Structure formats: C-alpha cells, structure tokens
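K.L.:
Sequence:
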Amino acid sequence: MMREEQEIARSRVITAFAQTTTMLAVRVARAAASHPPPSIFLRQIRPVHRSLVLRSVVHHRQLSLGSIFARPRPTPAPTPHLVAHITRLEAEANVHPHDVAKQVALYKALADTKYKSSYELIISRWERMCEFDPSSPLLASPEAFELYLTALVKTGQQSTVFSAVRRRDSLLAAHHPATATETKQDAPDTTGEATIGSSADSQPSSTPSVPTSQNIAESVLAGPLVSPTPTTPPPPAPDASRLAAASAAHPNEPIQVSIVERRGSWIPRLVRFFAVMIVSSFFFLVILSVFFENSGFMKAGPRQTQFEPSEGKAVKFSDVHGVDEAKEELQDIVQFLKDPAAFSSLGGKLPKGVLLTGPPGTGKTMLARAVAGEAGVPFFFASGSDFEEMFVGVGAKRVRELFAAARKKEPAIIFIDELDAVGGKRSSRDQQYMKQTLNQLLVEMDGFQQNEAVIVIAATNFPESLDQALVRPGRFDRIVAVPLPDIRGRAQILQHHMQNVTTGKDVDPKVLARGTPGFSGADLQNMVNQAAIQASKEKAREVTLKHFEWAKDRILMGAERKSQYQDQKVKLATAYHEGGHALVALYTDGAMPLHKVTCVPRGHALGYTSLLPENDRTSVSLKEYLAGIDVSMGGRVAEELIYGAENVTSGASSDIKNATRTAQAMVKQWGFSKLGPVYYDTRDESLSSKRREEIEEEVTRIVREGEARALALLSSRIDELHRLAHALVEHETLDSEEVKKVIKGEPIRNISEVLEEELSKPKEQP
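Sequence positions in the sequence shown follow this note's numbering and run 6 to 771.
To be clear, the hints were calculated from the coordinates, so they are not data collected in a lab. One or more hints might be untrue.
[What the hints assert, rightly or not] Derived pair list, reagent style BS3-like, types lysine-lysine, alpha-carbon separation capped at 27 angstroms: (1) K321 <-> K343; (2) K107 <-> K119; (3) K745 <-> K628; (4) K745 <-> K574.
[What the hints assert, rightly or not] Restraint-style ranges between C-beta atoms, simulated for each label pair: (5) H736 <-> D686: 44 to 52 angstroms; (6) V625 <-> I753: 30 to 38 angstroms; (7) R622 <-> Y648: 28 to 36 angstroms.
Values in this document were obtained by computation on a predicted structure and should not be read as measured data. Beta carbons: idealized from backbone N, C-alpha and C, even for Gly.
Make the full structure from the sequences, and use the hints.
P.N.:
In structure tokens, the structure reads:
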C-alpha cells in the first residue's frame, strides 16, 4: 500500500513539474518585456530604503575563473516521505482553492524544500490564480504574497518583483476593494528621510495591521527572507520608520544586500578581456621584435651574416652551350681573377660589373657560375627580392652585408639575379624607403670605397626598366646579351642533355634542333626530360624520336585532354576550324610551314594548329605578316563557310586578337600601311583624333582584307576542307605530311604500317 502511494505521489510531482515548465515559459516572456534597468529598480524603492540599500552594499560578486568554470553541486533527491507530504498538501489545496490556510501551508512546504522546481511551482500557482481566479482570498494574503516574492528572488527574478507588486495592487483594487482601502490607509508617509528619521527618534511608529505590497517587496529584497520553518510565523514586514530607526540604532549591523548578476553577463566581459589582451600582445611583440632586430640584444657571440659563399658542384664553361659569344665576353673576367697583375701592368682596369640580359632560360645564371668555377673564387648569390622586407631600411642593410662578406673573401664574385626587382627606375612619386636599397647598391658598386677585387655580375630580363645610374660605366661596364640559341646552339644543348639518356638510333640532335626554333636552353632540357619520362611510362628500352616529338608537342601545344568528353558536333566544328588554319597555311605564300594540326583539346584550347619556321627568323617581311593574318582568320572563315555567319562560334577570339595585334604593329611601328613609314604611339596625347581614326581604319582594312583572302582560298578548296575535317575527327592529330595526303584523297595509314608499328613496340617483361 505504501508503494502504491509513493507511485501516485511521484506521478503527481511529474505532472506538477510539467505544468511548471509551461508556466515558466509564459513568465519568462512576461519578465523580459517588463525588465527594469537598475536605475528604475532603485527609483522604485522609497528614499529611506534606497539609502539603506546603497549604504548596506558590502559585497559584490567579482568575475573570476573559479566562478566561471565552477562545477555545479549535485542536488539531493527528495525523500519519499517529503514527496508524499507535499502531494497530500497539494491535493487538499486543489480541493479547497479558496482556503487560504491550506494554500499557504502548501507554499511553505514547497519553500522548505529549497528546490528550484518547488519555487517555480509556487510562482506557477500564484500566477495561475491571478490570471484565472483574481477574486480568490489568497490574493489578499500577505504571507502568500511574501512566499511568492521569495520564490521570485530564489529563482533569480528580482527584476520582476515590483511588476508583481503593481499587478497585485491593481487586482486588489478591482476585486478586493476593502483590502485595498485598508492597505492605503495603513500605508506610512514617505515625505522625506529627514522627517521620517526625526519621527523615528521622537516617537515609536505603530506596525500596520495589513502590510502593503510595497512593504512586503522591500522586506523580501532588503531584509531576511521568509523562514523556511513552517511552524514559525514570518516576522511582520517593517515599515519605513522602523527601517530608519533600525539604521540609526544599529549602524554596525547593516542590511546585507547581494547584487546578483544577470545570467551570461560574464561573457561580454570575458570576450572584451581576451580582445584587449590579444591586441596588446600583438603590439608588444612587434615592438619587441623590432628592438631585437635592430639592437642585436640577446644574440650569442658575434652577429652572423646572411650571405655566405655558395657551395655545390663547380660549373665550367664546357658545361655552357649555345652562348659562345657571351662566353668569350666573360673570359676576360676569368683571366683577371686568375692573374690581376697581367691586366694592371699597362694601367688598364678590368670592368667592375657585367650585366647579362636576355630572355628567361638562356643560361645567364649558369654563365655566372661558370665564371666563378673557372676562376676558383667564392661565389655569392642573391636575388633582387632578397633585399626587401616589411621593415624600412632592411634592404640597404643587406646590401652592405653582402658586399662586406664579399670583401672578406676577395677576390670574389657577387651575382644578383633579377636585378630589375631592386634596380628599377626611380621616380619622385616613390616612397623614400624604396630608394634606399638602390642608393646603397649604387654606393657599394662605385662609391667612395673602391672594390678592386669584387666583380658584380647581374642578370635581368628587362634591361629597359633599370635605372640609368645603375647601368652607367663604372658600375656595369659591360652589357652582355644572352639571346636564344640558334640551330647550332640548340644541337649542342641537346647533345649535352642527352649524354645521360639512352636514345634510339633514329634520334638525331640536329634534326630535333631544326624543329625547335625559338626554344631556350631550359625548354630543350625540359623536352629531353619529358621524353625520357614518357619512355619510362611506356616501359620502352630507349627514348625514340616519337617520344621527343611527343615532348615537343606538349611544350608547344600543351598537354592533351583526351578524357574530356566532346560531342561529335563540337568535335567536327573544331576540326573544320583547325582545318581552315591548316589549309590557309599550306596554300598561302609566305606563311610559316605547317607542323601539326589536332582537334584534341590541349591546354585551354579545343584544338591547335602548330606552325614552325624552317630556320631561325631574324626579320619578317610584309608578305609574311600578311600571310600570318590570313592564317589567323582561316579558322573563323571556315566556320562561316560550313555553318553560316549566324553560327560562327567564339572559338576564334584568340585568332582575331593575334591578327589585330599584328595589324596594329604594321601600322604604328613598321610602316606597312597607307600612312607611310611613320611611328605612332596612341598613348601620345599630342596625336590628333583624326590621325587616330586613320590608324583604326588602316588596322580594320588590313584585317578585313586578310579575311577576304582566306575566304576566297577556302571557297575554292571546299572539298579539301571537308576531307581534312573528317580525317581530323577520325585520327585526331595529323602532321604536315599526313595533311597533304588527306587533302589529295590518299590513305595516310595502311594496314602494313600499322602492323609494323605494333611489331616494333617492345614487349613487356612478365
């Protein structure tokens, strides 16, 4: 029987908790809408009590890591006897809702448990009574109202106390006029602190028979809370005169008031604290790093220089190919470093600086290393970007350190790569710190202190961007051009890089050199390396000519993208476009010879037509430029012939750009137009608008005439265009010989050639 009662009591408690949760949501929304700030909170207290509250604040909770991260203590579970007792009181209170004694007994029992859920149940029952039964006599009970306010304080809702007071007073005035009149008559006079204080000293004040809602609220907020013992009646709420008298009679026993912070109020302070600490730490570390960098404080031993002689495999002039003239220019530097007296016997002085200019990959850095290797002297290497950093003055400091380290090891060679990064032309609009590095370099190369045994060699791809004071005689006495290698130089470079590569008998460096005009030494080295890698992938025993051709096409046209899906219509349109380029190149006098044509996507293009000159081109004629424009417009013209003018695609954008640039250069730079041999710079503000219009008209005329010539040629050879396009769709890539066979209607690959190619492939080892 006892177990059944416990189960019934437990189910009722669970039901009460569910009701409490619902009412709690309503109360929280109402409290948020009527949340008074601290200033309003103090104004709502009477003057005497306000002074007592302000004077009696003896403790304020401080934010600390212990209070933030303190672990909550576990709340003990209620005993079955207590649950049964509260369940019985709740049942009696529900049966007799207007019995004040039973309601107060339930409130006291709930308050005695000191559980938050019990306080929330008190709040829920009181607010439900105010909402649905305001005529209940419980509303006029001071003891019940005090327990309700105590529950608000215990649950951290002090800000809603005075809104509850106003609500109770309004309900009393509407539903309990007798009680409301009695409380108004018994309310004490609060005209001022001085009057109340004097009256408290002169005569005792009588305790009101029925305390007001304001008195109860002030008693709960400023004095001891309701005693949790149900048998002891709560003390009467003191009025203003008693509080004043108590304050005057007992100055050493102030009223204890705790200012409870709002939930989560510590988060903004914590964020602000960390933000200030991070910003302060950043500026402190920056100042500290600048101090250590400039003062050398706390560095053990002597300061170490950043620049040391480069060590590695010695490079000789025999390792450098394709730049014979540049090697001859640098032979004098080597002889001087080996025997300085031989040059100074007749009063001559060796050049202090040598500037190497030329396209990227032509061997400028290797030439400088070869000079140091042949002379057997220390070699100091620095890049133009090594001098500058985020701090002002670091560039000039590093220039001084570089030359100081070289003087200690003299005779020595200093090589500065990418000189244009630090030696660009100065301007009055530049910042002062940008000029300091260049000024220091000028002083070190030819200043008050002479460097007799330190040779400066520099390399740049843009000699026109260098400052004139830097390239004058006395600093860079010799300017050596390192151009792209010619056919003989390319053959030498290929032979040098093929020494460690197993090549087939069909590989001839001279043939490869003839087919790689415009390649630099770095391009040729890359081609040999790519061919060797491809042969290794195919598990071939040697690198054949086919592998070198594959590597050359990869460098010229880009990597193939065979995995990209292409619709047959798009592939056929690409084949017609590239076929137009190829046919115009074959039948136009002055055009560069056709090398290969493909409709396979390569790089960022859907197709590619490669043209290679038979020999190195040193100068280009008007006829050759016009032929180049015709070839560029051949792809767009082919699309227009096959698909119509309204279906021409945007794939010819790069062709139009190339043709337009060539036409502009012909008109403005080379004098190949009706305007005559005059140089025009469209950026020149003195150029008249009429002349600008004439230049634009000439450019348009040249491009239009090239388009018309390509249209006439392809219209007369439309059948050959169809055959070439379909062959490209079938075979994807054709060289010049195969293109000539296709347009004649001849087969390009018979069965015997295919079998011979398959049999010539090496068999894989099991």
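K.L.:
Each hint needs a verdict: does it hold in this structure or not?
P.N.:
Each hint, compared with the structure:
For the suggested pair K321 and K343, the alpha carbons sit about 15 angstroms apart, so the restraint of at most 27 angstroms is met. A distance of roughly 19 angstroms separates the Cα atoms of K107 and K119; the hinted pair therefore holds under the 27 angstroms criterion. For the hint pairing K745 with K628, the CA-to-CA distance comes to about 23 angstroms; that is within 27 angstroms, so the pair holds. Taken as a hint, the K745 and K574 pair is honoured in the structure, with Cα atoms around 24 angstroms apart against an allowance of 27 angstroms.
With their beta carbons about 48 angstroms apart, H736 and D686 fall inside the hinted range of 44 to 52 angstroms. Between V625 and I753 the beta carbons are some 32 angstroms apart, a value that agrees with the proposed interval 30 to 38 angstroms. Roughly 35 angstroms separates the CB atoms of R622 and Y648, a value that falls within the hinted 28 to 36 angstroms.
Violated hints for the displayed structure: none, as all numbered hints are satisfied.
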